[in-house]
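2 protein chains.
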Amino acid sequence: MSDSLRVGPGFSLADVDPASTPGFDGGKKAGARALAAGADELSDLQERLFADSLFGGRRSVLLVLQAMDTAGKGGIVRHVVGAVNPQGVRAFGFKSPTDEEKRHDFLWRVRKQLPPPGYIGVFDRSHYEDVLIHRVRGFSTPSQIEERYGLINDFESELVANGTTLVKVMLHISREEQKKRLTERLERPEKHWKYNPGDVDERLLWPAYQEAYQIALERTSTPDAAWSVVPADHKWFARLAVQRLLLDALRGLDLGWPAADYDVEAEKARLAAS
Amino acid sequence: MSDSLRVGPGFSLADVDPASTPGFDGGKKAGARALAAGADELSDLQERLFADSLFGGRRSVLLVLQAMDTAGKGGIVRHVVGAVNPQGVRAFGFKSPTDEEKRHDFLWRVRKQLPPPGYIGVFDRSHYEDVLIHRVRGFSTPSQIEERYGLINDFESELVANGTTLVKVMLHISREEQKKRLTERLERPEKHWKYNPGDVDERLLWPAYQEAYQIALERTSTPDAAWSVVPADHKWFARLAVQRLLLDALRGLDLGWPAADYDVEAEKARLAAS
Numbered sequence: 001m002s003d004s005l006r007v008g009p010g011f012s013l014a015d016v017d018p019a020s021t022p023g024f025d026g027g028k029k030a031g032a033r034a035l036a037a038g039a040d041e042l043s044d045l046q047e048r049l050f051a052d053s054l055f056g057g058r059r060s061v062l063l064v065l066q067a068m069d070t071a072g073k074g075g076i077v078r079h080v081v082g083a084v085n086p087q088g089v090r091a092f093g094f095k096s097p098t099d100e101e102k103r104h105d106f107l108w109r110v111r112k113q114l115p116p117p118g119y120i121g122v123f124d125r126s127h128y129e130d131v132l133i134h135r136v137r138g139f140s141t142p143s144q145i146e147e148r149y150g151l152i153n154d155f156e157s158e159l160v161a162n163g164t165t166l167v168k169v170m171l172h173i174s175r176e177e178q179k180k181r182l183t184e185r186l187e188r189p190e191k192h193w194k195y196n197p198g199d200v201d202e203r204l205l206w207p208a209y210q211e212a213y214q215i216a217l218e219r220t221s222t223p224d225a226a227w228s229v230v231p232a233d234h235k236w237f238a239r240l241a242v243q244r245l246l247l248d249a250l251r252g253l254d255l256g257w258p259a260a261d262y263d264v265e266a267e268k269a270r271l272a273a274s
Numbered sequence: 001m002s003d004s005l006r007v008g009p010g011f012s013l014a015d016v017d018p019a020s021t022p023g024f025d026g027g028k029k030a031g032a033r034a035l036a037a038g039a040d041e042l043s044d045l046q047e048r049l050f051a052d053s054l055f056g057g058r059r060s061v062l063l064v065l066q067a068m069d070t071a072g073k074g075g076i077v078r079h080v081v082g083a084v085n086p087q088g089v090r091a092f093g094f095k096s097p098t099d100e101e102k103r104h105d106f107l108w109r110v111r112k113q114l115p116p117p118g119y120i121g122v123f124d125r126s127h128y129e130d131v132l133i134h135r136v137r138g139f140s141t142p143s144q145i146e147e148r149y150g151l152i153n154d155f156e157s158e159l160v161a162n163g164t165t166l167v168k169v170m171l172h173i174s175r176e177e178q179k180k181r182l183t184e185r186l187e188r189p190e191k192h193w194k195y196n197p198g199d200v201d202e203r204l205l206w207p208a209y210q211e212a213y214q215i216a217l218e219r220t221s222t223p224d225a226a227w228s229v230v231p232a233d234h235k236w237f238a239r240l241a242v243q244r245l246l247l248d249a250l251r252g253l254d255l256g257w258p259a260a261d262y263d264v265e266a267e268k269a270r271l272a273a274s
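The listed protein sequences derive, respectively, from chains A and B.
Heads up: the first sequence begins at 1 in our numbering, then just goes up one per residue.
Heads up: the second sequence begins at 1 in our numbering, then just goes up one per residue.
Incorrect hints may appear among the rest.
For chains that are exact copies, the list does not tell them apart, and a pair is met inside one copy or across any two.
Straight-line C-alpha distance at most 27 Å; calculated BS3-like pairs for lysine-lysine [claimed, not checked]: (1) K95 x K268; (2) K180 x K268; (3) K268 x K179; (4) K112 x K95; (5) K235 x K268; (6) K179 x K28; (7) K29 x K191; (8) K179 x K95; (9) K191 x K235; (10) K268 x K191; (11) K235 x K180; (12) K102 x K112.
Bear in mind the hints are in silico, worked out from the structure with no lab data behind them.
Fair warning: this is a prediction, and the values are worked out from it, not measured in the lab.
The task is simple: from the sequences and hints, build the whole structure.
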């Protein structure tokens with residue numbers, strides 16, 4: 001499944017059907033079963049990653065989630081990442097930058113939230129906002145934005161060199177599905193807090209956002225830090241797809257269990273006598 | 001159940017049977033079912049807490065876990081706290097203090113890890129180490145330790161005044177159960193990384209630790225920040241009990257859903273036209 005989601009040369013976002021389920025034959029029920037079946041392996045691999053770090057390993061995994069509003073970033077964090085030990089996760093949501101953050105370069109606040117060795121980091125929005133909303137809204141000049149693609153690639157190369165495996169995911173929903181989900185938020189009082197009038201303002205700029213995503217995906221999908229575009233009109237598929245991407249990333253680290261750095265038999269004897 | 005676990009006047013740790021299941025009539029299977037049944041409410045209440053904070057609420061919950069090794073602190077984090085959205089959780093494990101931390105007062109590093117409004121914080125070990133291992137091992141003088149009980153009570157009063165609900169839990173296992181669990185770690189190579197020869201060193205000081213706990217529980221179980229002692233020889237019971245304690249704490253906040261601060265009907269019209 002993962003290969004069919006990867007952004008490579010010639011990629012066109014407009015050609016990805018948000019309602020499709022590439023690489024998976026089943027429907028919603030089979031998808032939920034497959035997600036449940038993968039949860040234990042994900043949890044086990046995270047524990048190996050953590051154990052590895054206690055014995056000097058420097059590896060970590062960073063899941064970067066970008067999407068239009070309502071695409072389901074929060075659901076991914078809860079239903080996919082929620083399967084692993086919370087003590088091994090560093091999840092962070094990036095909001096509009098504070099005044100202090102604005103005084104620094106755009107990667108400053110991102111560096112502070114990077115996962116330590118042994119952890120799975122999750123970014124709900126990220127440094128990519130600085131080439132997405134900034135492009136669409138004109139918060140930065142075209143030359144600033146142009147420069148940022150390169151800065152992002154350099155930054156991510158540095159992360160990879162330091163042991164971080166990047167899993168960059170754009171959740172791709174359709175304009176119609178977004179309307180449905182926003183409408184639901186307005187119709188249910190217990191969902192009102194999730195709705196923001198600004199969501200419609202951004203929605204009205206849909207084509208400009210799609211263009212900004214297309215350019216960002218083209219310019220920053222590198223061999224070491226590839227983007228995956230996950231069709232997200234079906235929440236069950238998006239969750240399964242992100243789980244598979246995380247599983248692939250962790251399997252790729254080929255993590256064993258650390259060997260004891262003490263004398264196991266001697267310890268058994270000490271313990272028995274205690 | 002929660003009332004029967006609370007540390008009040010005349011409490012005696014030695015009288016708590018680590019294999020008991022106070023306030024729960026069923027066995028392991030019924031306990032697992034009850035835990036699963038409570039997970040959705042816990043998750044729902046945490047979402048309300050988070051929503052509340054977005055609209056100016058200052059409330060948070062802090063779960064403090066203390067225990068002898070192998071008592072199951074990690075399992076609590078994974079199986080109880082794991083039911084809520086990872087983005088609403090700040091879990092932190094306190095290790096031996098670093099040189100920098102040692103140069104500050106003992107609460108300095110703790111203050112840095114407090115949950116922001118809207119979050120559930122989890123401390124795997126805490127400032128209580130400074131009156132537990134410090135007492136047993138003599139890392140601090142008796143007068144320093146004596147002073148700390150008061151400093152801890154003042155600190156926790158301050159947290160409560162600022163909107164934090166404290167859930168302080170000692171997981172109470174028996175010496176025999178600990179031996180069983182440590183033996184298992186030595187017998188299974190994939191568990192070797194969890195074992196530390198120092199665990200047996202501490203184990204040999206069991207009575208001194210029980211005494212240090214007894215004194216700490218007596219001196220720092222205040223009406224606003226009471227301790228609960230959770231019998232933990234049965235993992236399933238300990239998890240259920242901590243879940244109930246968290247549920248009680250969150251229910252006590254009486255959290256509704258925030259009202260919309262925008263015109264719902266006007267937004268429906270804007271959205272429909274978008």
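Do the hints match the structure? See the list:
1. For the homomeric pair K95 and K268, the shortest alpha-carbon distance between copies (25 Å) is at most 27 Å, but the shortest distance inside one copy (51 Å) is not.
2. Only between protomers do K180 and K268 lie at most 27 Å apart by alpha-carbon distance; the minimum there is 11 Å, versus 61 Å within a single protomer.
3. Proximity of K268 to K179 under the C-alpha cut-off of 27 Å is restricted to the inter-copy arrangement: shortest distance 10 Å between copies versus 62 Å within a copy.
4. Taking CA atoms no more than 27 Å apart as the test, K112 paired with K95 passes in both settings, with 14 Å inside one copy and 21 Å between copies.
5. In this assembly of identical chains, the alpha carbons of K235 and K268 lie at most 27 Å apart only when taken from different copies (24 Å versus 49 Å within one copy).
6. In this homomeric assembly, K179 and K28 come within 27 Å of each other (Cα to Cα) only inside a single copy, at 21 Å, whereas the closest approach across copies is 46 Å.
7. Taking the closest pair of Cα atoms, K29 and K191 come within 27 Å of each other only inside a single copy of the chain (26 Å); across copies the shortest separation is 35 Å, beyond that limit.
8. For the identical chains of this complex, K179 and K95 are intra-copy neighbours only, at 22 Å inside a copy versus 48 Å across copies, given an alpha-carbon limit of 27 Å.
9. Within a single copy, K191 and K235 get their C-alpha atoms as close as 18 Å, which meets the 27 Å cut-off; across copies the closest is 36 Å, which misses it.
10. Taking the shortest Cα distances, K268 and K191 sit within 27 Å of each other only across copies (14 Å), while inside one copy they are farther apart (55 Å).
11. Taking the shortest Cα distances, K235 and K180 sit within 27 Å of each other inside one copy (13 Å), while across copies they are farther apart (44 Å).
12. Taking CA atoms no more than 27 Å apart as the test, K102 paired with K112 passes in both settings, with 14 Å inside one copy and 23 Å between copies.
Of the numbered hints listed earlier, not one is contradicted by the structure.
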